[in-house]
Amino acid sequence: MTRVLRSNLWAIGLAVLLLVLLGLTKLIQPSFGFNGLESLARASLPFAFATAAMAVVVIVGGIDLSVGSMMAVCSVTAAVLMTMMGWVPAVAITLLVGLAMGAINGSLIVVTRVPDIVVTLAMLFVWEGVALLILGSPGGTADRALTGMVRGWTGPVPSALLLMLICVFAVWWPLSRSKLGLSIYATGSDEEAAFRSGVAVGRTRVAAYAICGLYCAMGGLSLVMLTGIGEPVPGPYLMASVAAVVLGGVVLGGGRGGMLGPIIGVFVLRIIRTMLTLMGVDPNVTTIVEGSIMVAVVMLGGFIMLRGRKT
Amino acid sequence: MSDATTPETPSLLLRIGRFLRDNPVIPLIGLLFALIGILELMRPGIISPFWMGNTMRFAIPLAMLAACQVLTMLTGGIDLSAAVVATVAGFVVATATPLVGVPLAVSIALGAGLMVGLVNGIGVAFARVHPLIMTLGTGLIATGCLQVYQRYVIATGSEIPAFLVWLGTGRTGILPNSLYVFIPFAVLILLLLRYTGFGRVLFAIGSNENATRLSGLRSWQLLMALYLLSGFIAALTGLLYVGIIRAPSLSLANPLLLPSVAAAVIGGTSIFGGRGSYAGAIVGALILTVMGTMLTLMQLPEGARRIIFGLIILLVTALFVRITNQR
Chain A
0 MTRVLRSNLW AIGLAVLLLV LLGLTKLIQP SFGFNGLESL ARASLPFAFA
50 TAAMAVVVIV GGIDLSVGSM MAVCSVTAAV LMTMMGWVPA VAITLLVGLA
100 MGAINGSLIV VTRVPDIVVT LAMLFVWEGV ALLILGSPGG TADRALTGMV
150 RGWTGPVPSA LLLMLICVFA VWWPLSRSKL GLSIYATGSD EEAAFRSGVA
200 VGRTRVAAYA ICGLYCAMGG LSLVMLTGIG EPVPGPYLMA SVAAVVLGGV
250 VLGGGRGGML GPIIGVFVLR IIRTMLTLMG VDPNVTTIVE GSIMVAVVML
300 GGFIMLRGRK T
Chain B
0 MSDATTPETP SLLLRIGRFL RDNPVIPLIG LLFALIGILE LMRPGIISPF
50 WMGNTMRFAI PLAMLAACQV LTMLTGGIDL SAAVVATVAG FVVATATPLV
100 GVPLAVSIAL GAGLMVGLVN GIGVAFARVH PLIMTLGTGL IATGCLQVYQ
150 RYVIATGSEI PAFLVWLGTG RTGILPNSLY VFIPFAVLIL LLLRYTGFGR
200 VLFAIGSNEN ATRLSGLRSW QLLMALYLLS GFIAALTGLL YVGIIRAPSL
250 SLANPLLLPS VAAAVIGGTS IFGGRGSYAG AIVGALILTV MGTMLTLMQL
300 PEGARRIIFG LIILLVTALF VRITNQR
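Going down the list, the sequences are from chains A and B. In this text, residue positions in the first sequence follow numbering that gives the first Met the number 0: the first is 0, and each later residue adds one. In this text, residue positions in the second sequence follow numbering that gives the first Met the number 0: the first is 0, and each later residue adds one.
FYI, nobody ran anything at the bench for these hints, they're computed from the structure. Computed from a predicted structure; not experimentally measured. Every residue gets a Cβ at the ideal spot worked out from N, C-alpha and C, and that includes glycine. Careful, some of the hints might be misleading.
To be verified - Distance ranges between label pairs, derived from CB positions:
#1 A/V87 with B/A210: 55 to 65 Å
#2 A/S38 with B/L98: 32 to 42 Å
#3 B/L216 with A/P282: 43 to 53 Å
#4 B/L294 with A/T82: 54 to 64 Å
#5 A/P235 with B/R245: 24 to 34 Å
Work the whole structure out from these sequences, hints included.
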């Protein structure tokens, strides 16, 4: 029990912070209640998937700057497919597309030996272009069954939150307990050592990027579910996901951290936006404050990493 | 670089690569002329003095923005906020001129660039955030600030200072007036990189930062100065660009970001630091502008153009990695 507590100390601390922030929100706006929670859960949906995608590649010791663009590709793919077929095959194909895009990113990194940050920067533009080729302007359609999934409540939990938790942990939970999961952590904490102890480092990395792509596909699908259309221009998910990952206790550089922390981190960052909106702050100013908080979080993460390296 | 200096017979790719690495500008100029030739074949009669002046006019802001990327890449960084800073500077100068007059508006615009550079410098030099993430974040914040600023000046209208229009759109003979800014600028950057301590230390940091620190250099001072300079250059570019476009908008120079990185990479600047030249980036900017004309002639959609730019960056970088690994 104490071991479980200690290994999740960071996530528990964040959860407490989240509760405090929720309480503060209630103080600022006494009418903030179930409706507020439901819309918060819905607004956090794409951010949560983007963060899950980023967390996997950060744990393996890389970074994926093309997260937002891949989500855009998946969102337009799903929206276009749903004009032609039922939602089940459309979702399945979209997930496969995401998986394939991630695998392409990973393979390019492994084969070309160009650092991940450069490859994914280049791929950011490639995927952005692909999304624009698939759909020149926002359009397409979403099935009623899908858009209904993220509205309202399922028992005591907002449906959007439930859907997100199921999707994220249905992939992450078995993965982190498998051999592949162990390889991902090993590669992230020390690639050389992992290689010497028999981990197929290259294959592990490709797999991690493929899973990142899979989460991006879920993120793209969630965008379609929320808006009902496909949007080819990527949203502001890159910076937000890096910030949430760092806030969630995953070390930039790899090998440490889990999935629970980053997901709670997403909600902490989102609730701050809700609070600012409720306080009547200009939405554009909110963007500035949010951006500053994200930069501050990433800078703080940098300081912590520096100190960790010295000791 | 001939066969006699190497014991084994290197492959053709390797030999070409070595030549490229040692003299990146010469093959690049060849490539530029080849592209111009192809363009002439595609649309006979397109090449004229007027066309050349126009190409130069649009390559100049790109080449200036590429300077930000070359300088930061030499240390192993990158400046993704450069295009946003240029947009901010251009927008601010156009909207503030009717309110406060030209000199103050220009100084505000340049000051904004320096501010962003300062924040970038603090993040990169002290907090050790990866420059890519840091500059991405500051770019985001700067965009937000610009949107807030826009709400206060929405009623005042805009006026672009006459001298910027003269620089941006005027011609002397067939040559665009922006060369009056660009030639001294390029000479300064080239001299800075080749003959000053600052320039040499940039290369040193990029090659091996630990060694540079151990040999007694305070790298934070240098990184600070570097990102300040980069912000200043970006703001300067924005001033020039708004004179060329003559219509300030909230995404004025943002489309120049990717081409500016591509120009630096094509010009032989290594994205990992320690290697590169500004002369190459200038030719790279010209190549990209000519290629842009070609893609427009081929009527490729915007999506395809982005894909091609992205793949070019990837391909060139991969080639550089291969060459340096096989050395």
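Hint check results:
1. A/V87 with B/A210: 55 to 65 Å: holds, 58 Å
2. A/S38 with B/L98: 32 to 42 Å: holds, 39 Å
3. B/L216 with A/P282: 43 to 53 Å: holds, 45 Å
4. B/L294 with A/T82: 54 to 64 Å: violated, 29 Å
5. A/P235 with B/R245: 24 to 34 Å: holds, 29 Å
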